[in-house]
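> The residues making up each chain are set out below.
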Amino acid sequence: MSRLYGAVRKFYIALIFLFLYAPIATLIVLSFNASKTRAKWGGFTLKWYQSLFGNDIILQALWNTLAIAFLSALIATVIGTVACISMQNMRRSTRSLIMGVTNIPMLNADIVTGISLMLLFISIGIRFGFGTILLAHITFNIPYVILSVMPRMKQLNPSTYEAALDLGASHIQAFFKVVFPDILPGIFSGFLMAFTMSLDDFIITHFTKGPGIDTLSTKIYTEVKKGIKPEMYALSTIIFVSVLILLLLINYTPRAGHKKAR
Amino acid sequence: MKNALVNLEGITKSFDGQMILDDLNLYIKENEFLTLLGPSGCGKTTTLRILGGFEKPDKGHVIFEGQDITNLPPNKRNLNTVFQKYALFTHMDIAENIAFGLKIKNKSKAYINDKIRYALKLVNLDGYEHRMPDSLSGGQQQRIAIARAIVNEPKLLLLDEPLGALDLKLRQDMQYELIRLKNELGITFIYVTHDQEEALTMSDTVVVMNQGYIQQIGTPENVYNEPENAFVADFIGDSNIIGATMIQDRLVEILGARFACVDEGFGENKPVDVVIRPEDVELVSPDEGVINGTVTHLIFKGVHYEMEVMANGFEWLVQSTRMQPVGTQVGIRVAPFNIQIMNKPESEDEEAVGVNE
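Going line by line, the protein sequences match chains B and Z. Reading the first sequence from the start, the letters are residues 1 to 262 in my numbering. Reading the second sequence from the start, the letters are residues 1 to 357 in my numbering.
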């Protein structure tokens, strides 16, 4: 009876993983398919990866994607962390209000965020391009940083900051020597989360990019409209793998940041 | 007061319109172990935080070694605090924790290492330099917090309920440890607690506080044996507080019976409160007692028995090593010097103000 139960349990889990990962597995397999049609397996090849890295337009898009992801994550991390520090010193009621307000953009549909940012940029007359994408990404990244720094902030013993002052440290010294190391894992995972979100984004980028600049996701979208080329499978595989690695990093950093007792 | 290390002059503080301290005046002598004792919300922690520089009083001055330090930030004060929850820096090892204040002051490496060794020896934790705070027990963490404070050679050490998180046995050990530390270091301790036993055990001076007012200042013997009002009597130790009438000097009528006492100067036929400690109530045979009653409850407490005796409409709390079974008829007698007479407060406000004048 219990063996049957165990088998059913395993089958169920296998089914869930199958549904979740079958599409991606298909994509990854096809990216190594030598045959140009999707219908049959023509042998293993890396030529799609080769031609992908020989394609300047795609490499430019990759560079844009990485630059925007890195810059927007960095700036959002600074802004989000400073916001958390000040929120920590607010009264409880004000803090939860602000927390709610910063959470809303995360739940908001991307298309709404994208269109409203586009309208905002038009109305204040900013030229669309790298700058507008960066601004848009910073905007939607800030809540993710706050979400990951705030719990760390709440765990802080408020007395440690005062203890540092008591021992002669200035406010700046007390922050960087005592508070900052304690919230660093939160800041780091906030940065990675923001980086991933930015890497991932299509809709908001689509509405705020303007002509003449592309990130990987918008590039893939335009390419697919012309007909799907196997290079795109290779590119998508690369994106998937990088996001996967980042996610693993995010999940393992908080523990890694906590020094074990010797 | 001249020659005081610290003078608190007319300290007033309120949070969100709620008065926490009202015109508090207190001086602390050099080398004194002074305890601020009171229930939560009495203003004792606020007083300590004002001394530490973490709060500014709305009115009044903090004078430290003759200088007004009211507006000085915490990092400029020659005193250190031991916080309630230790507040150790969890990402640093023990040696780095202790060295924190000294590094900020740019002391030499040799000096810092000497100090770390000396401080760890003082708190009986030699060899713990490279442990992380998380790997230490609560009592050990508290010792490190103390070590971290005293390496800076403060004139004054502030301790905010430092033993509150420890279990009973450890707390008692740490009490002796703190007394020893204070004697070895020769610095002034200001200790905040709500635990009356802690206050009585360790202090030279106990300051009993309630609702932002000082109720009584005195030695532990003084506040225990001669509480100045019902609050102090009730807060420190168990007690029988009974409304009574002072018939004349050295004679008081309690629950309709007349007891000899030693107090004078309360006037004649004046309503007063009397305090009788449960260990001072003597149970005798009914014909020998001043009033008679019946034992209604009996509990074995280890050191003694605790009994309740119903006599003349009042439930007397009695502690004695001699047990009287429930239902026994007993007589109650109290030695004259064990009856403490207090003025009756006329209103709740006056009760709070107490002896502050």
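Heads up, a few of these hints could be off.
To be verified - With the Cβ distance kept under 8 Å, some of the chain Z side facing chain B (calculated, not the full set): (1) Phe-54; (2) Asn-80; (3) Phe-83; (4) Ser-137.
To be verified - Pair ranges (Cβ atoms, derived): (5) B:Pro-151 x Z:Gly-138: 51 to 59 Å; (6) Z:His-130 x B:Phe-70: 52 to 60 Å; (7) B:Leu-249 x Z:Gly-127: 36 to 44 Å; (8) B:Pro-105 x Z:Glu-197: 37 to 45 Å; (9) Z:Asp-16 x B:Phe-70: 28 to 36 Å; (10) Z:Gly-127 x B:Asp-110: 37 to 45 Å.
Said to hold, decoys possible - With a cut-off of at most 30 Å between alpha-carbon atoms, the simulated DSS-like pairs for lysine-lysine come out as follows: (11) Z:Lys-169 x Z:Lys-103; (12) B:Lys-154 x Z:Lys-109; (13) B:Lys-36 x B:Lys-177; (14) Z:Lys-56 x Z:Lys-169; (15) Z:Lys-105 x Z:Lys-155; (16) Z:Lys-115 x Z:Lys-105; (17) Z:Lys-56 x B:Lys-154; (18) B:Lys-154 x Z:Lys-155; (19) Z:Lys-301 x B:Lys-177; (20) B:Lys-177 x Z:Lys-29; (21) Z:Lys-109 x Z:Lys-29; (22) Z:Lys-59 x B:Lys-177.
Since the hints were derived computationally from the structure, they do not count as laboratory data. Each residue gets a CB set at the ideal place from its N, CA and C atoms; glycine is no exception.
> Go through the hint on Z:Phe-54 and say holds or violated, using the shortest Cβ distance to chain B against 8 Å.
6 Å, holds
> Is B:Lys-154 within 30 Å of Z:Lys-109, Cα to Cα?
35 Å, violated
> Under the criterion that the straight-line Cα-Cα distance not exceed 30 Å, is the pair B:Lys-36, B:Lys-177 satisfied?
The given pair, whose Cα atoms are some 58 Å apart, is violated under the 30 Å limit.
> Range hint 37 to 45 Å: satisfied by the CB atoms of Z:Gly-127 and B:Asp-110?
At 58 Å between Cβs, range violated.
> Sort out whether Z:Lys-29 lies within 30 Å of B:Lys-177, counting only the CA atoms.
35 Å, violated
> Just to be careful, I want the Cα atoms of Z:Lys-59 and B:Lys-177 compared with a cutoff of 30 Å; is the pair within it?
33 Å, violated
> Check whether the Cα positions of Z:Lys-109 and Z:Lys-29 lie no farther apart than 30 Å.
It is violated: about 34 Å lies between the C-alpha atoms, which goes past 30 Å.
> Within a Cα-Cα threshold of 30 Å, do B:Lys-154 and Z:Lys-155 meet the stated pairing?
Given pair B:Lys-154, Z:Lys-155 is violated - Cα atoms ~33 Å apart, limit 30 Å.
> For the pair supplied as a hint, Z:Lys-105 and Z:Lys-155, confirm whether the alpha-carbon distance does not exceed 30 Å.
Roughly 16 Å separates the two Cα atoms, so the pair holds.
> With 36 to 44 Å as the target window, see if B:Leu-249 and Z:Gly-127 comply at their CB atoms.
Distance hint for B:Leu-249, Z:Gly-127 holds at roughly 37 Å.
> Was the hint right that Z:Asn-80 lines chain B, CB cutoff 8 Å?
6 Å, holds
> Between the beta carbons of B:Pro-105 and Z:Glu-197, is the distance compatible with 37 to 45 Å?
55 Å, violated
The earlier numbered hints that this structure contradicts are 4, 5, 6, 8, 9, 10, 11, 12, 13, 14, 18, 19, 20, 21 and 22.
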